[in-house]
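Colleague: Protein sequences appear in the order of chains X and L.
The numbers in this note's numbering rise by one with no breaks, and the one at position 402 of the first sequence is 402.
The numbers in this note's numbering rise by one with no breaks, and the one at position 311 of the second sequence is 311.
Bear in mind the hints are in silico, worked out from the structure with no lab data behind them.
Worth double-checking, as some hints may not be accurate.
As the list claims (entries may be wrong) - Example chain L residues on the side facing chain X (calculated, C-beta under 7 Å, incomplete):
1. M1
2. K109
3. A223
4. R277
5. F297
6. T310
7. T328
8. I331
9. Q332
10. L335
11. V337
12. D356
Backbone N, C-alpha and C fix where the C-beta goes; we use that ideal spot for every residue, glycine too.
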Amino acid sequence: MSPSFNGSILAIDVGSVNTRAVLIDQVDGIYRLIARGEGRTTIGYPIHDIRIGVERVLSDMGGASKRETLDEAGNIIQPETEDHTGVDMIVATTTAGRPMRVVIVGLTLETSIASAYKALSTVFADVVDVIHLNDHRSEEERLNVIVHNSPDLILLVGGFEDNQRPRSLQPLIDVVRLSVEIIDAEIRPQVLYAGVSHLHPDLMKSFDKLTRLHVIDNIRPSLHQENLIDVSKALGRAYTEYKSRSGGGFEWLGQQSASGILPTSHNYNIINQYFAHSRQVNAITIDIGSSVSVLASSIDGQNEMLVDTYIGLGHHALELLQQVDAKKLEAYLPFHAHENELMNYAMNKTLRPASIPINSRNLFIEHAFLLGAAQDLIARMIETRGLSKQDGGLPVQLIIGSGSAFTETGNPAYDMLLLIDAIQPIGICQIITDPYAIIPALGAMAQSNPSAAVQVLEGDNLSRLGTVISMSGEVSKHSKAMSIQITDAKGKVTKYMLMAGELLKVPISADEQVKVQISLARGGHINGKQKLSLKVQGGLAGIIFDARGRSIQYGENVTERASNIPLWIHQMTGNELFTVPERWLENLSTPKTDEIRSPESTILTPEDISRYDDDDSLNFDEFFDGLEQDDDLSIDDAVDADEDLRNLFN
Amino acid sequence: MPYYPDQRFASRLISFTRECLLPESAVGRVRVKDGALVDIRDVVAKGFMPSRLHIIEAAEILGLKDKANVDRMLLVDRGQMVKEKTPIAGKDRKKGKRILAPTQGMIVKTDPLSGRIIFREQPQMINLQAGVQGEVVRYYPNRGVGIQAVGAIVQGVWGNNDSQHISTLKIEPKDGIESIITDQFDTNFRGAIVVTYRPLKRISLELASQQNIIGIIAPSMDADLIALAEEVPTSLMLTEGFGQMTMNHETFSMLKEFDGYQVTIDAYQPRPWEPRRPEVIISRIAPADSHPPAPNFKIQLAVGMTVRVTQQPFLGQLGTVQSLPLKTQKIQNGLRVPVANVQLIAGERVNIPLTDLELVGR
Chain X
1 MSPSFNGSIL AIDVGSVNTR AVLIDQVDGI YRLIARGEGR TTIGYPIHDI
51 RIGVERVLSD MGGASKRETL DEAGNIIQPE TEDHTGVDMI VATTTAGRPM
101 RVVIVGLTLE TSIASAYKAL STVFADVVDV IHLNDHRSEE ERLNVIVHNS
151 PDLILLVGGF EDNQRPRSLQ PLIDVVRLSV EIIDAEIRPQ VLYAGVSHLH
201 PDLMKSFDKL TRLHVIDNIR PSLHQENLID VSKALGRAYT EYKSRSGGGF
251 EWLGQQSASG ILPTSHNYNI INQYFAHSRQ VNAITIDIGS SVSVLASSID
301 GQNEMLVDTY IGLGHHALEL LQQVDAKKLE AYLPFHAHEN ELMNYAMNKT
351 LRPASIPINS RNLFIEHAFL LGAAQDLIAR MIETRGLSKQ DGGLPVQLII
401 GSGSAFTETG NPAYDMLLLI DAIQPIGICQ IITDPYAIIP ALGAMAQSNP
451 SAAVQVLEGD NLSRLGTVIS MSGEVSKHSK AMSIQITDAK GKVTKYMLMA
501 GELLKVPISA DEQVKVQISL ARGGHINGKQ KLSLKVQGGL AGIIFDARGR
551 SIQYGENVTE RASNIPLWIH QMTGNELFTV PERWLENLST PKTDEIRSPE
601 STILTPEDIS RYDDDDSLNF DEFFDGLEQD DDLSIDDAVD ADEDLRNLFN
Chain L
1 MPYYPDQRFA SRLISFTREC LLPESAVGRV RVKDGALVDI RDVVAKGFMP
51 SRLHIIEAAE ILGLKDKANV DRMLLVDRGQ MVKEKTPIAG KDRKKGKRIL
101 APTQGMIVKT DPLSGRIIFR EQPQMINLQA GVQGEVVRYY PNRGVGIQAV
151 GAIVQGVWGN NDSQHISTLK IEPKDGIESI ITDQFDTNFR GAIVVTYRPL
201 KRISLELASQ QNIIGIIAPS MDADLIALAE EVPTSLMLTE GFGQMTMNHE
251 TFSMLKEFDG YQVTIDAYQP RPWEPRRPEV IISRIAPADS HPPAPNFKIQ
301 LAVGMTVRVT QQPFLGQLGT VQSLPLKTQK IQNGLRVPVA NVQLIAGERV
351 NIPLTDLELV GR
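With the rest of the complex left out, here is chain X (with noise of 0.2 Å):
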């Protein structure tokens, strides 16, 4: 598409358990979403046809948006006509059915190998096996392990250019030639080389008629370049092949989009990037899906990207608690699990990825699954990027939530506090979703028209929550942490007390602007800064005070959980106060009375604060008397979006 493209443009993406569909168009030269439409993927039992599911969420879009994109032969009809029927661009992603499986083969793991690693966290692959020389594997071992695992894709990697002759590497290709010579003509894995060039044309030579072949640069040129660009987009092809060849209706929807079917996953890392970037921010992009978890991050300039296709909360809930751990998880859960609770939870999700819990209980653990997840990517993240925690938390100013786990419990101070929770974020931090999925698709757009994606982006189709003020450090439990002061744009302020370990929802709409003046006890700060006034914006569910301190703590044992946790969801969602019941408490010890606490935080009324007035750090009228400037930490100024989208790509 050339960058003069101003056409409508399709986004479908294909979960694995929902599959989504935008339609994007100008309207006054803007690109908008016109219409989305969202249903069930058809894979599996019993249709095992994706274009099943995609036809019926087009046909439904169609109906609402009265705007048609099938024919009558149920194809997607392209370009769009002059009366506005069909569509110019169809952009398809998808995370559905069987990973693509990967061998990878290299020389050596702290080279070519881990730049092969890297590249192909962008596409939705499980690395099942590595070669590489020092594996003390035989050349029969080597043969058996690549047909056994019966790999989708086999990376060939490996070799300096500046090393004309790495003989090494020339037995790792020809057991990659024995085995695909062996494996079965249908099922033979595509070969992705990336190696040292000067072997090319001997490497055509040996692939030649045996099985698709991908040759493209480098990927490790040199001890200090990488050359992750050409590989990623090949890995790209090389899926689009894998997943028209899979069955399924991958074929169909791969020929009614020029670009093919694209891994999900990697734009995420676009958009993230771009957020990033754009605002000046550490951004943290996060969906927990059912078979795959995806974590982009922009911290301090560095972007990282975790995809994980071994955890989720349906098809791979299992593998979650494996990876993560029952007590990890049980830290999480207001309630002694019972024996095997977990595990036949996990795989009754497995069973049924789409279900939802019904009961308080099954929520429970539900949440604690997902919070089990985000904080084993981040743990990764971390580790990965050699990162420590500030101050107990993630020094993040933006949230992005992704998935129907973070944006679908119908209620955005939920979803906010899941996401807290996920992340941890500390200081100012802002909090959106993507309740339409349509991240998948921008990223995908933004490859080749950044300014439809950014139009989309900067304009009102992702959710603005609302923004987290999270106080650090230690504030003693049970006494008062933060006072706040809220002065909307009428002038009116009104007053607010805090207690350490709380959540308060104070409810601020999106359009609004509010200065919050807050003072905090004691031990308790906001950025370093005991005291601070800033403009916050509002959002769906409002401006979130978040005194729990950082890492957030649940509790030391199962009877703080259970007070700690019903009231958390309670001040944040407004829902009745669950009461966990004595039952789900047994055999642990019963709690004292004075570690009951309140059940919420009030707006004060001025005998309140007058009873406050006692503590130096909480003094409403002495601080905010000596207040003379704003802090503005909006972090919502105007940027050249459409500019430095374009910039990053270049």
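We have chain X; now place chain L onto it with these hints.
Modeller: The following block gives chain L in isolation, referenced to the frame of chain X:
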């Protein structure tokens, strides 16, 4: 927006298509053609699981100057199954330098460039039986077929080991499955497929396999029994899930009606990208004047439909859809989601998330 619920059948007489497939990792060939009529025990596909490969430096062992000559030295055909120590290459089968088969297996390839022979150990062969009487209506190259059949079908949620058995269905005695595997072992159950409405216990599973019960249809078991279940030769199908759930009344009543019938149990272990479910099938001939309905997989959820709930606390309960609210509704745990208002058989009316409903077939 219309909602298309999952379907999991429990039908006494229905026209259905059974997907009969080799395991994904198997190398195989389909043995029947599209449109063929097949019987229960007909083999529709044959295959083998990939087995160990041996690289034999044949040119070096035989002292060949020209490695390309290795092909001429073969004493058996490629693909021909030979016993261990059978001469497979050399000038003469009985004397001189010879290469013996390292194990029972076959030559799969010779490489004229390296002078090697690639030898495959005898693989585990799979003869995939149809399991139903019917007509082949779908063809999956190298994997298997879809067979259109008429009969009763109960689809489960989990199977233990992908095995398939055909035998007589027996309902467990009043005192449970354990009572048939005590000292006075009841030979009536030997070789049978036994139905229990109680959650399966470790002891039942261990004893059942020891006592040659070849299939068990149970509602549930704890997930820590999975490893054991995968090891035993008994085919196991769960109808409800993992935990301590009893079998829903409708399914148990139906299976009880088929006590003594010949049934096929397919203990397929579900994988998300495969178009299959574990199931129990009773092939039946439809009455001459009736045409058993075929399931409509593209049916939208509608008021009046019978549904099964797939989540606690109503798991397994049947009910009738009373209304489909246009807007999301708050459910028991505080979530606000798209729901159906369902009247359960016990009379209770509850809002159930759409994603927690299944159609049970007609």
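Colleague: Okay, which hints does this one fail, numbers in order?
Modeller: none
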